[in-house]
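Asks: My request is simple: use the sequences and hints to build the entire structure.
Using our numbering, read the sequence shown as starting at 36 and increasing by one per residue.
Hints may contain errors.
Subject to a maximum C-alpha distance of 25 angstroms in a straight line, what follows is the list of computed SDA-like cross-link-like pairs (lysine to any residue) [to be verified]:
no.: 1; residue 1: K249; residue 2: G279
no.: 2; residue 1: K429; residue 2: R293
no.: 3; residue 1: K377; residue 2: N414
no.: 4; residue 1: K522; residue 2: S316
no.: 5; residue 1: K385; residue 2: G508
no.: 6; residue 1: K249; residue 2: A123
no.: 7; residue 1: K399; residue 2: D525
Source of the hints: derived by calculation from the structure; they are not laboratory data.
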Amino acid sequence: MSAVSALSASLGAALAQESPEAQPEAAAEPAEEAAPRPFGFEDVAAMARDLAANPYEYRDAELVGSFGNLTYDQYRGIRFRRDRDPWAGSRDFALDLLPPGAIFHEPVDIALVDEGVVIPVRFDPHMFDFDPVQFPDGVDYETLGNMGWSGFRLRAPLNRPDVMDEIAVFQGASYFRAVARGTLYGLSARGLAIGTGSAEGEEFPLFRGFWIHKPGSQDRSVLVHALLDSRSVSGAFEFRITPGAETVFDTRVSLFPRRDMRNAGIAPLTSMYWFGPTDRSRVDDYRPAVHDSDGLQMLTGSEQRLWRVLSGHSTLQVSAFMDNDPLGFGLAQRARDFESYKDAEARYEKRPSAWIAPQDEWGKGTVTLIEIPVENEFNDNIVSFWQPADTLAKGNRYDFNYILTFAAEVPDSAPISRVLETMSGQAINNPNGRTYIVDFDLGLFGSDDPVPQLRASAGRIGHSYLLRLPEQGRMRLAFEYLPEGAKLADLSAVLNGPNGPLSETWIARWTRE
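Replies: Here you go:
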């Protein structure tokens, strides 16, 4: 049996549990049987294990008719009909199924799960409205066939009780995005990253099947199971999604490698950084900053808090922060006022942060940050993930459990001063030097000034000083960095008190352009 046939058989076994109304009437009184076991995570894990035992086979769909050769505007002109919502009538959640087209050509199987029973949702182009402005010749439904869904979108009354706002969307490879109350779509999460930033090139796993559980009348979460597949690995995923001021994904993952994997990225996040106050001079733009995230925040296994400010570079940069059993990491957007961006359309100040909190021991590895050069704001170029130190060996099962939170602020309320802003420019009277300004939150410092501790991995730190800015609520650290022939350096600073750090550790990477 081929891998595709094996997958079809596995999916078919799960999807064959049609609702009782769909079953043919029995000719005779059936013998009483035990109720079938409700569909759950281990069913998807069994499918992933079976897939991994066979060679990978890529699935693709030929996009024809009104789904073929679409422009961006044409694709946006295809909208799911609200009257076809499988959960129509619910006041708590709504579900949109998403069409193929444009860059979305890998078919995705979707099934609903109602009280443990799996009900497949067959692709039907009649579930969509086609904007007549974008499709003036109408739609020939007879030619559209079964090209498969491209994903789905969840809705809930997030900001107003009478409006079903988008809260999350799963579409494209293993990407998904979410928003919290008062935020707009920004950075994305992924099921898995493989070979990101490597010389061999990146491999993009696909979510090829979803099982979306119908919420009960008292449920405040939506349960989603997903099947991931790629050349190197298959996997089972469970997401329990709870929207609100913080939109939380309680996540469970089981991976089954097809080969030994040394480049797997667990719990990856993907964002965009073009420029900001650290590198403003290299871009001719009216806005002070353009980014979905401005830093990588980390909470190490030893409870050290780190803030790695993002920067634009002319070459690919890979940073790896070694750790053992990390407590959390994520990409954050800390600049939260309109004046930081002055963009009335993109509203970057409303982009959410995302935080990964492992719920079990992940052992030794690195929180890895990839920064890719870009020349505009239209491509994601920032990736972070956990990379295990040990190889994920072929034939084994690997489990990871974590909570992924989308929110305006990272959910870490420890009483420690945090970096508010980082700025940089050419040093005064020294064309070969660089001045850095790092503003910390002043609120947690007493009357005694902390002692700054600064380091540079290459070159040296020059003159430095602290300045209180009480009206702005900031403690400003300023210093000069002198490269002295270096081409790359990692800089760090922390403000210490008599008993240890009073601030998180600020980290930045300087590169010679």
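Asks: Any of the earlier hints contradicted here, and which numbers?
Replies: none
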